[in-house]
Amino acid sequence: MAIYGTAVLSGCLLVGIFLGRLLGALMGVDKDVGGVGIAMLLLIFFTDRMQKRGSLPAISQQGIVFWSLIYIPIVVAMAASQNVVAALSGGPLALVAAVLVVAICFAVVPLLNRGGADDPNDDLAAIAVDADAIGDREP
Amino acid sequence: MQELLQILSLVLQKYALVTAFAFVGLIVYLSYLLSAKLTRGRLHGSAIAITAGLLLSLWGGIATGGTHGVADFKILAGVGVMGGAMLRDLAIVATAFGVSMDEFLKTGVSGILALLIGVVISFFVGGAVGYAFGYRDAVSLCTLGAGTATYIVGPVTATALGASSEVEALSIAIGLIKSVLVMTLTPFVAPWIGLNSPRADLIFGGLMGTTSGVAGGLAATDVKLVPYGAMTATFYTGLACLLGPSVFFFIFKVVCGE
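Those sequence lines, one after another, are chains A and B.
Residue 139, in the numbering used here, is where the first sequence stops; the numbers in between run on with no holes.
Residue 258, in the numbering used here, is where the second sequence stops; the numbers in between run on with no holes.
Here chain A stands alone, though its shape is the one from the complex (with noise of 0.2 Å):
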């Protein structure tokens, strides 16, 4: 059932966060600390294990699959209820540090293509992406 993918996600989520406050507790601050992060490994760990077992059949996967689906209109969501008004007193901010990062890491990418060309790990026939879905998936 879809809600059995539903339910992996959000355990996962939810220990995720739980951790992530527990670390930050343990170091001192009261915040969560890379919550999001552990929750990703955690899902990642644990649906690859329950897929080779056999026991995330695909309708349980489409309870994780919609969520992925929906989350570019979740950020034009999460955009179109942001404190934009406050963030424009600030200045160019937004601008002056977008533009300095995107010039950075062009000029960046000859200097990093240059050092160890023959890099064995870089099995680039065995890489499929589809691209498409990607693109409409992540930022």
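Hint data in this document are derived by calculation from the structure and do not stem from the laboratory.
Take these hints with a grain of salt, some might be off.
Taking lysine to aspartate or glutamate and the DMTMM-like style, the derived pairs with C-alpha atoms no more than 25 Å apart in a straight line are [unchecked claim]:
(1) B:Lys253 x B:Asp137
(2) B:Lys14 x B:Glu3
(3) B:Lys253 x A:Asp48
(4) B:Lys106 x A:Asp30
(5) B:Lys106 x B:Glu3
(6) A:Lys52 x B:Glu103
(7) B:Lys74 x B:Glu3
(8) B:Lys74 x B:Glu166
(9) A:Lys52 x B:Glu166
(10) B:Lys224 x B:Asp102
(11) B:Lys14 x B:Asp102
(12) B:Lys37 x B:Asp222
Computed, partial: chain A to chain B, Cβ under 8 Å [to be verified]:
(13) Ser10
(14) Asp48
(15) Met50
(16) Ser68
(17) Met78
(18) Ala80
A quick note: this is a predicted structure, and the numbers were derived from the prediction, not measured.
Virtual Cβ for every residue (Gly too), placed ideally from N, Cα, C.
We have chain A; now place chain B onto it with these hints.
Only chain B this time, still in chain A's reference frame:
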């Protein structure tokens, strides 16, 4: 007529979250239509939709004087629930589904190195620009650095660290402008930075990190390049969500002397 509007408004308020789904669906539909018709897909529909969202927030803020964008209009209060931290974090974690560690390792040393360097550059640039604009606390600087990574890492970090609404909105704006810049500029700089091999594309995707920007930019350059860049970029947001509110936050705390 007056009564008709009253009933409509009542229904929209009573079914707030459902209203939000319909409203956001309409924005997304119009944005993808604009993307296809006006820019021939060069500017990704998601970027247009998020820009539209921020503009609507601006309008909502001016019209209502509130701090929650269009969610301060009574009939659109559900947009705040739909785009709130709870559902947003659920959806972000869901995007990690299907990612396998084997694939991650397949990107090789250069891909992983590019990812790490890309995340470090983003947090450094975002933090430095934030400092230059007068922000002096670790929470704000880390959130701005996170936004410089992607428009997702920003608000996730903002929620985790409890940043102000102003800084959160800024972090989304930085990530969005970055995404649009990568989308539009990549075809022009591609010959200069040598985007002509799968290896160069893996590095490019890892450094930039904005998947929509990388996918859109590479598609406009040469469609054959897209999978390689998208491959590494896919891991970027997850990695930055993990490192941002943890490692980088503590680095910023040390830098700020907190």
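(request) Hint by hint, work out which the structure violates, then give me just those numbers in ascending order. (result) 3, 4, 5, 9, 11, 15
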